[in-house]
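K.L.:
So the chains spell out like this:
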Amino acid sequence: MKGITRKFLRINLSTGKMGEEAIPEQVETDFVGGRGFGIYYLYRELAPETDPLGEQNKMIFVAGPLAGTTAQAVSRWMVCTRSPLTGAFARSVAGADFGAWIKFAGYEFILVEGKADRPVYIHLTRDTCRIESADELWGKDTVFTQEWLTRRHGLNTRVACIGPGGENLVKYAAIVTHRRTASRCGVGAVMGSKNLKAIAINAERNLQLYDPEGFKQLAKQQIQSMMASKAFQYHKEMGTTNNPENTSELGIFPTRNSRYGRLEDYEKITGDEYLKHRIGEFGCYSCAARCGKIHRVTTGPYVGAQSEGPEYETIWAFSGPIENSYLESTIAADQLCDDLGIDTISTGNTIGFAYELYEKGLITKKDTDGLELTYGNHKAMVELVKKIARREGIGDLLAEGTMRVAAKIGRGSEAFAINAKGLELPAYEPRGAKSLGYNYATSNIGGSHGYGYAPQEVFGAAYPRRVDRFAEEENADIVIFNQNNAAAGEVGIACSFSRGWFPQVYDKLLAAATGIDRITERGYLMRVGERIVNLERAFIVREGFGRKQDTLPQRMLSEPLHTRGAPGEGQMMRNLDKFLDRYYELRGWTPAGIPSAEKLNELGLGYAVKDMARYQKVKAA
Amino acid sequence: MTVRIEIPPLLRHHTNGVTTAEVGGSTVGDSLNNFVRQYPGTKKRLFGKNGKLLRYVEIYVNGETTYPEELARPVKDGDEISIVYLISGG
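Chains as they are written, first to last, in this note's numbering: chain A, 1 to 621; chain B, 1001 to 1090.
Keep in mind that the hints were calculated from the coordinates and are not lab data. It should be emphasised that the depicted structure is a prediction, and the values quoted were computed from it without experimental measurement. Treat the hints with care, since some could be wrong.
As the list claims (entries may be wrong) - Going by beta-carbon spacing under 10 Å, a handful of chain B positions derived as facing chain A: (1) P1009; (2) F1047; (3) K1049.
Stated by the list, open to error - Stretch by stretch, here's where chain B covers chain A in the computed footprint (C-beta under 8 Å, at least three residues): (4) 236–246; (5) 448–457; (6) 569–575.
For every residue, glycine included, the Cβ atom is placed at its ideal position computed from N, Cα and C.
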């Protein structure tokens, strides 16, 4: 049953042409929205082997069906494109309120293609769309850019923009809105390659819902359930800042470029320590959690530094990799990343890699512009952040990410380049949380925790079952469940922190918003999630990925983890091959990691069968 | 009355890797106190100095949250208590 028209806006920067297009009903039913629309349109429109930084690549800025509504924690948005960092599919998620504004402009998503011949920005209202000169903005940071565009177009303007990182094609550049970022996989570099500095949307709240009255009741039920939840209350209080203590006690806080699972003095970077620096908080559109905690440095060498965050991943990125517990430097590095528009996870991880290269004598002070990359040296770390974003000196090399740096340096450095498919691993040690680790290995975007987070291992969640976090192929079903579940959550781009608070109304909210009744059928959304993961897999198979790329850094496969007294001492990822055999079997994929025709047809993805047959032959040869 | 406690990953370091425990008790509070007697190392990860449950620990009985009743919640023979850490990350 349908009653509303959902559409998107296509903008070609090469020709200046733009126009609205309706989303076919079958696509809505099969993919619902959000990440589902992202992969569907990318798969259907992007030719294999398109240069990620070339004119032919496309970017999809997509909101979920619930964005901009009164429902809580569902106004996030994401960018889907082909990643310049990995060459695989890119899905990069951000918060704040830009997602709501995409919907207020009247669209599910904005598809940007082509390349402008000079710096531009897109100015979109409910009635107009213009491509404007960004000459005055090129070279400016994300704070200046957002302020300039808001001054020019009015307070009701919301901006997603790049900073110098994106302009300089840093392979892991971010797109920034307020101080929230779509930062994984280098989506900011794709924007930079198109000479697109920003998208500015000026629109009033204006939404069409299939069942507005029913939706209102569900949204009320949702917020009541949130407010009654202890998990929500604690998340509201601390955001994610308390996780370093948790992961350190579990021995899964990657330290010294992932040689250890615990920072020696992690007590200095706990949530309570960050609380001493807290000066405020920020929340996404229609989210009572306000989990973005704002911190300010009041003494020492970084006095005046201020960031919204760091949240858990960033707390780790600028402490664990270089063994640094001076949290003021983490706040400073976080601020720089947001200002300059680069991903904190890949930046911190790549800097940790540089420190180990230095330790092993594979680079010296001559290569580092005189910086001493000795563990704990946070001043050098902060300098490197600036150099990377500006591609200055050694920053030009590090801006390529760990995979390419290792390829250039050679001499065995690939073994401790901590990435999967080229995407730098985040803040959870695979050897101590193996379902999460094998998610990194099999993820279609590379080393991402969000692609298939394992709450069973990290927090002791019992759903769909309890797991032993050191088990390997025995947990292949859990990896699949977590990946499909994450994809299901991202059709509505629900905040991953909030899903546990209202699982009972998420599907009903989606149905009331879209009119797709079937969403509330048992198992329907998980099926959509499975469909998305399979189509993403088909996308990356076309780009040459398969079993060989479903792997982890050599360090995880052959070096025992040292946990400094926490559980998990000596753990390694011992059974990658057995895991992959089991994972592919359960997925309905071939032993080469390619979705079978049966599986694709079963999921209504018949259009990918021909492609996969071709690549099956290539892999067999 | 005997209830079964499912021990979360974060506490297993203090239980020598044991994943479940059988304890006596007529309420969640009784049961957890008996659990702590068996494994004293778990106390600081469950209770604050004031003896209250930590604000980032949530207790479930048979899959249902006990919040806000928590320690006062009665339990019966055969119930399963789950301890979940509410810390969010990512």
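K.L.:
Holds or violated: the hint that B/P1009 contacts chain A, with Cβ atoms closer than 10 Å.
P.N.:
At about 5 Å, which falls below the 10 Å cut-off, the nearest Cβ of chain A leaves the hint on B/P1009 intact, so it holds.
K.L.:
Verify this for me: three or more residues of the stretch 569–575 of chain A with a beta carbon less than 8 Å from a beta carbon of chain B.
P.N.:
With 0 residues close enough to chain B, the hint is violated.
K.L.:
Quick check on the hint: B/F1047 CB to chain A CB, less than 10 Å?
P.N.:
violated, 15 Å
K.L.:
Hold the hint about B/K1049 up to the distance rule: shortest CB distance to chain A must be less than 10 Å.
P.N.:
violated, 14 Å
K.L.:
Okay, the stretch 448–457 of chain A and chain B, do three or more residues pass the C-beta test at under 8 Å?
P.N.:
n = 4 at 8 Å, threshold three: holds.
K.L.:
The stretch 236–246 of chain A covered by chain B? Criterion: 3 or more residues, Cβ-Cβ distance below 8 Å.
P.N.:
With 8 residues close enough to chain B, the hint holds.
In this structure, the hints that do not hold are numbers 2, 3, 6, in rising order.
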